[in-house]
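Hints given; two lone chains; assemble the complex.
Chains as they are written, first to last, in the working numbering: chain A, 1 to 302; chain B, 1 to 254.
No wet-lab data here; the hints were simulated from the structure.
Treat the hints with care, since some could be wrong.
Claimed, not checked - Non-contacting residues of chain B with respect to chain A, defined by C-beta distances greater than 10 Å in every case (computed):
#1 I14
#2 G35
#3 T45
#4 L107
#5 V108
#6 A166
#7 A173
#8 P187
#9 A232
Said to hold, decoys possible - To spell it out: a stretch of chain A is covered by chain B in this simulated footprint if at least three of its residues, at any positions, have a beta carbon under 8 Å from a beta carbon of chain B; those stretches are:
#10 55-67
#11 98-106
In this text the structure is predicted, and so the values were computed from the model without any measurement.
For every residue, glycine included, the Cβ atom is placed at its ideal position computed from N, Cα and C.
This is what each chain is made of:
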Amino acid sequence: MSSTYAIAIRDFTKRYGSFEAVSNLTLEVEPGSICGLLGPNGSGKTTTFKCLLNLARPTSGTMQVEGAPVQPATFEELAYVPERSALYEWLTLADHLEFNRRSYRKYDAKRADELVNLFRLERKKKVGKLSKGQQTAVALILAFSIQPRILVLDEPASGLDPVFQRVVLDLIIEAAAGGATILFSSHQIGQVERAADRVAILKNGKLIVDGTVDSLKGSEKVVEAIFDQAVPEVDGLTSDARIRRVERSGRILRAYVKEDSDGIARRLSEYSPKNVAVMDLNLEDIFINAVGGETALPQGDR
Amino acid sequence: MYYIELLRLRRSFIIYGGILGSLFLLSMITTHWPGAIVNKGDSGTIPLSVLLSIVGFCAIIFATAIGTSLNRENDGVEMVWTKPIARERLALMYIALDLVAIIVAFLVPLALAILIFASFGLTKVIQPDDKWISALILTFGIAFMWYGLLQGLTSWQSGRGGIMVAISWAAAAVVMPVLMAATARSPGLHEVIMVLNLLNPLAYLSSSAHVQIGVDTGAPTLIPHDVWARVAMTWGFGILGSLAAIVGWKRLEV
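In isolation and in its complexed conformation, chain B is listed as follows (with noise of 0.2 Å):
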């Protein structure tokens, strides 16, 4: 029944695995290049909850443009509902699905990654800290959180997919911080702005109460410093925005 969801997935692994591929060649060949100078270091390390979150972006990245699953069966849904399945049976099973594939998309750079240390016999720089395990777990958490948002605002329409995740990726990225910055000023319409962008996913990635994206704000949010609270939020928004999708998409009409 999940038959062409997985027909789908392997469509955007086609696209993802060309992008990261031709990357990792590129990189491969300036660095192996005859002549060219790798400036190896002997004494600097890279913690893997770093090279974690680097990767981890990429699968973010991927866990969006699968994000409306739900929402591309609507153009001719009639095919999929009028199987011998459940429309909650075939949802989880896509979102299940899709779920694995966020995985895979996850290790596909990690692999890459260490692959081109090996090259140079780096692999030792990497080293495990104490931050790995919820480095990994939140970086799955937020393309969760993501994923289920998008699916959650999606699965009940026809077409419009594609744009909510450009939306979602303007949203994330650029809006919201700016309105964090713009609004911390104001007291109450900060608060608003503040209680927004608790849906932002982007914005759990940093461990600073301040700094959007990588980028200090100077502005309060209530995103919580410790990662573990972050960790149980995207996950928390990731399952309802899944549950929000089922059900939507259960109810349906066509």
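Chain A extracted, bound-state conformation (with noise of 0.2 Å):
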């Protein structure tokens, strides 16, 4: 039942015009959980996020908040961080402080000054004057700076260093600890490995891939088979279900499986190969098999 889960996302489709950026997709996290959504630029992340939001309207489906559509009353309990900067640039740190301690009943101003002293950041700077790494902060503080029960996060470390993205990564496993629900969005494959505990990817807007970090890593395998002469033709190998994509490169060939590894290793070896051996992938391995090495550059998500 929806009111079992923290975020609730059912059959949603977002089209604009004919483009559809999300199809049909069904994600549904648990309350305290950390849930990364990965995908290359343009596969729906963003998209998903605004509707979810109520700042775009869903073609199709329903989304749901602790069992509820969104309200403006659930933003009491709910913080967000795009992943374009939506901050007042003409405005500094300590306006939008101000600005949150008006417009928040939980808003913890001894957390926000914590978090400020974090990210060491001026608080009579004006945001337009800010890096982008610094602007993600300063997003992130007003966010954190309200304790909410729910973090949608956006690209949550964008333009932030090595140091502070741990910093980031920290303050979502705190968040998580306490209670929060967190979904976020990251290019950094390595923060939702190690924060998350259940991963989905989009791809142009379909969920192919849905689990937990350890159940993923323990089904998504590597089979890779070294052949003394030329690759022989496997019949039906690449249409079979359990494989996402098979690999050729001279006298080795390496068939990432979603599924059954063992089974795929068996097939193989009846084609009298020198090797056989399956591997363990890690989720930026499970990431770009599941994508297809399709990526786009950089340009905002959709």
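Following this line, the structure appears as structure tokens:
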């Protein structure tokens, strides 16, 4: 039931004219968990966030937060960090904090002070004069200073250096440990692997991978067969539903499999390879296999 | 929730006050400079309705300058739309604050004008006449109409607010009067222009059927001669424009 999920997206489709940005997406996030949404640029991550938060209207499907569609009151407990800065460039950080103080009952000035010091920002400096990374930090300070139950973070480490990327990761993990639910997107797959309980991968608006990090790592493998001579034609290998992708390079054949890696290894053994091995994948490998090596130049997600 | 609009208005008032304050100081210095000759006269009076219309023009300029407040949010609207307040309520707060600001923008030049007269001991030349109440309400109506039309035209767009303000001034002060005069002898086309001219806030300043912004175009208009009818129309357009702005803003997607 929807009430058991902090975030429930069901059969969500968003079209812009004839272009389908997201197709029939279903994604449910447990309370207190961290869900990483991955995908190449233009895969529909930001569109999903915007529709979830009522910033855009879904073409079809339902989107709920804590069992109900997003209402203005939902934002007392939900903080959003957009991918693109939505800050007022002509205002200072102090002005933004004051805006937050006036807007939220749960605004925590002490927590805000801690975060300002953590990111080493000047309160009196106009936001327009801050670097992209510092602007991201301001958005994060605003989000975390209201102690929300739900955080939706679109590229929350965008523009930050590795030290502050780690700080953001710690903030996310800390918030989840305190009971918050986090849905976030990132191109830093290592961060997602470290923080997320669960990963969903979008490609061309479709959900192509969804599962816990451990289960994905447990099921997604690469089966590598090395032959003495050229790689033979293996009947039906590329159309095998258990396989995401097949790579041939000289005498080496690699099959990136979603499930039953042992079965695939046995099948390849029938072609008398010199050696067959089943190897683990990290999340980055899983991501690249899932999206088929297709990525776009960074130009803002839709 | 309306804190950002308060800060935005503060910034607008700094500019507005700076310009008016400079003009005030300039007029005080030039007229009170040793040796300056000021003909105080002794028989003339200034009807209060005329003074209100003149200072009201400053408020009209100010109203157009702040008339795109919802549009200005749209570049980073995620910031306000993810706050715990309904969009229409927030938009209403912005509009209400802006209206208060327009009133203040009217009072500031009025006070400065009275100060200038007072510095010569001439406050008594300002005489309340029988038109001052209608002039006051009409001037506010014109300011509100222009403000509402700008909000209605821009609230659902991203950017382009400043351009729309500039276009609205060019259209109201130049294009429409010229078209009214140029089409005076072209029946059909002139009727279209007359209808369009109903949306020209400046057309309501004139009490004559033929006069546009003080210039007699020699062409009839649909703007009613009766001042209270003009008051009703300007306030009506202001309300309609503001309502359209709220609906447009609420339906905007980012």
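Hint-by-hint comparison with the structure:
1. I14: holds, 12 Å
2. G35: Answer for G35 of chain B: holds, closest chain A Cβ roughly 45 Å.
3. T45: T45 of chain B is indeed farther than 10 Å from all Cβ atoms of chain A, at 46 Å.
4. L107: holds, 26 Å
5. V108: Given a closest Cβ separation of 23 Å, the condition holds.
6. A166: holds, 20 Å
7. A173: holds, 29 Å
8. P187: For P187 of chain B, whose nearest Cβ neighbour in chain A is about 43 Å away, the distance exceeds 10 Å, so it holds.
9. A232: holds, 35 Å
10. 55-67: holds (count 3)
11. 98-106: n = 5 at 8 Å, threshold three: holds.
Figure legend: structure checked against the earlier numbered hints; every hint is met.
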